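> Here are the chains, one letter per residue:
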Amino acid sequence: MNDLQVALHQVGYEQKSYWRNPMAAVFTFMFPVVFLLVVGTSAGSSKIPGSTLHYNQYLVVAMLVFGLIAACYTNLGVTLCIRRDQGVLKRMRGTPIATVSYFGGIIGSILVNVVLLTVLVVAIGMVGYDLHFPFHPFAAVVTLLVGVVTFCALGLAVTVIISNGEAAPAVINGIYFPVVFISGVFYPISDSSVLSKIANYFPVRHMVKALVGAFEPGPGSGLQGRDLLVMLLWAAGGLVFAVRRFRWEPRHR
Amino acid sequence: MGSGDDIVISVEGLRKSYGGFEAVRGVDFEVKRGHVLALLGPNGAGKTTTVEILEGYRKRDAGSVCVLGRDPSHRDKELRSRVGIVLQECAVDQYLTVTEAITQRAGLYRTPRPVGEVVSLVGLGAKGDARIKTLSGGQQRRLDLGLALVGDPELIFLDEPTTGFDPSARRESWDLVRGLCAEGRTVVLTTHYMDEAQALADQVTVIAAGKVVASGTPDTLGGRDQGETTVRFLLPDGVGVGDLPLPAGLHPEVRCGAVEVCLPDATDLLHDLTGWALARGQALEGLTVKRPSLEDVYLALTGGDP
Chain Z
7 MNDLQVALHQ VGYEQKSYWR NPMAAVFTFM FPVVFLLVVG TSAGSSKIPG
57 STLHYNQYLV VAMLVFGLIA ACYTNLGVTL CIRRDQGVLK RMRGTPIATV
107 SYFGGIIGSI LVNVVLLTVL VVAIGMVGYD LHFPFHPFAA VVTLLVGVVT
157 FCALGLAVTV IISNGEAAPA VINGIYFPVV FISGVFYPIS DSSVLSKIAN
207 YFPVRHMVKA LVGAFEPGPG SGLQGRDLLV MLLWAAGGLV FAVRRFRWEP
257 RHR
Chain P
17 MGSGDDIVIS VEGLRKSYGG FEAVRGVDFE VKRGHVLALL GPNGAGKTTT
67 VEILEGYRKR DAGSVCVLGR DPSHRDKELR SRVGIVLQEC AVDQYLTVTE
117 AITQRAGLYR TPRPVGEVVS LVGLGAKGDA RIKTLSGGQQ RRLDLGLALV
167 GDPELIFLDE PTTGFDPSAR RESWDLVRGL CAEGRTVVLT THYMDEAQAL
217 ADQVTVIAAG KVVASGTPDT LGGRDQGETT VRFLLPDGVG VGDLPLPAGL
267 HPEVRCGAVE VCLPDATDLL HDLTGWALAR GQALEGLTVK RPSLEDVYLA
317 LTGGDP
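Chains as they are written, first to last, in the numbering used here: chain Z, 7 to 259; chain P, 17 to 322.
Simulated from the structure, these hints should not be mistaken for lab results.
On a predicted model such as this, the values are computed, not experimentally measured, just so you know.
The reader is advised that the hints may include incorrect statements.
Claimed, not checked - Straight-line Cα separation of at most 16 Å, EDC-like style, residue types lysine to aspartate or glutamate; simulated pairs:
no.	chain 1	residue 1	chain 2	residue 2
1	Z	22	P	312
2	P	306	P	235
3	P	75	Z	255
4	P	306	P	241
What the hints assert, rightly or not - Coverage of chain Z stretches by chain P, computed from C-beta distances (three or more under 8 Å per stretch; other residues unrestricted):
no.	stretch
5	14 to 20
6	96 to 107
Claimed, not checked - Residues from chain Z that face chain P, not an exhaustive set, calculated with beta carbons under 7 Å:
no.	residue
7	93
8	124
9	232
C-beta: ideal position from N, C-alpha, C; glycine also.
Can you make the complete structure from the sequences, with help from the hints?
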């Protein structure tokens, strides 16, 4: 088997393992769905200033971003830290599997989850909140893919600063939630506000804006070049940091 | 090729430091094909570092290391596909079943052994569909072994493979290891159980403070075959130590009613003693004849810490 076949072989086992661990799917699937059903219904359909989207439609897009980040950054970071602590990563290093195949399997499985999440959340938006199918489908797909790359790279990078698996969820969510909060994932934030100026340094707000841009009708491709660029810079930084400093073994024996 | 073909592992002048601490200070040994090498040594003696260099997890600072004709520090796929490693922790995805985990692993090798065969080989036939997190500690260790064997390795590293096993599970594992060697596979075993080394090893190498302090077969290690024999028995009622037919120059110790005599060769003494007891129509209760055990030799070599 070549490296790609081995990676595809791994995807199946990663999926099995993912769905058998009830905790993993909570943030990725349950939280966005429950949030949409509860908050989306009560949020009403007032227009957002400067956008064609209604408030609850905006929340659908934002929750897709939330779920995607949970599926990539949070899930990858926590999973790798736990596996590193348990020695799973060390053991993998002792088999003939190529590093790209091992990570390819994990990230392939994440990609499957992101596709499922996208279908689920967009369907809820279209059925429940009159969300239109993305006006720029190509831009939506590109944005989601750039999102997967970015937040997987950051999930890899965050493992470097975490010393043990038990601390992983706390550290990872401790970084994630404040950024999500100021990035307009739970409610729209005006571009002129102080919060948005801080949030602009981080990739989450750019992901929200890029995806909203793909849903809104308008001329051109719908690709939000500047937002995508900021995300890709974070991706590159995260990847370089991760490749240089990644640890396969638990810190303490 | 020559006899060099039969050497699976050769280590010469191996050195490794962590920061300022030199964990391995010039270790040499060789392992022949089909043999079991038991590496013994106190915790922190450098045996894990040595094994991890052989496994390709660590890079050496100096010396030469050859594993199956290759340098493990290059971490090439070819070598890793011919080696099976059992680490101390059971480290597999807890949410998979036994069969799934072994099938997943089998998929990484060109010529894996049949999964069902491996599952029953390690005695998990009844647990094939059980989630790994439901297995007992001993069962997880057996799964570890199964994972290491499914790639059909020529060389197997076993790091304390029977820790936490009940006595019968240990015997089963020993039989399994003996079977692996009978098939021509080579095993490097680290263990703290001296009886395990005694039962399995063709060659024992003791490492202490980063150096090899003794090397040999389990029966000859550290001059064990030349060590003194201890004869011990309970002093019969109404008999003083002076009444015993002991050769002159021996100084028996009497503790809690038991006599203990140490001497290089006990053949004559046993003949005299048992003849004397038979003539008196009395049994020599609690009679034992003991050579220094592997553990005694090991403790003497390493200064007491097993």
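> Next step is simple, just say for each hint if it's right about the structure.
These are the hints, each one checked on the structure:
| no. | hint | verdict |
| --- | --- | --- |
| 1 | 22/Z / 312/P | 50 Å, violated |
| 2 | 306/P / 235/P | 13 Å, holds |
| 3 | 75/P / 255/Z | 14 Å, holds |
| 4 | 306/P / 241/P | 11 Å, holds |
| 5 | 14 to 20 | holds (count 3) |
| 6 | 96 to 107 | holds (count 8) |
| 7 | 93 | 3 Å, holds |
| 8 | 124 | 24 Å, violated |
| 9 | 232 | 40 Å, violated |
The structure shown violates the earlier hints numbered 1, 8 and 9.
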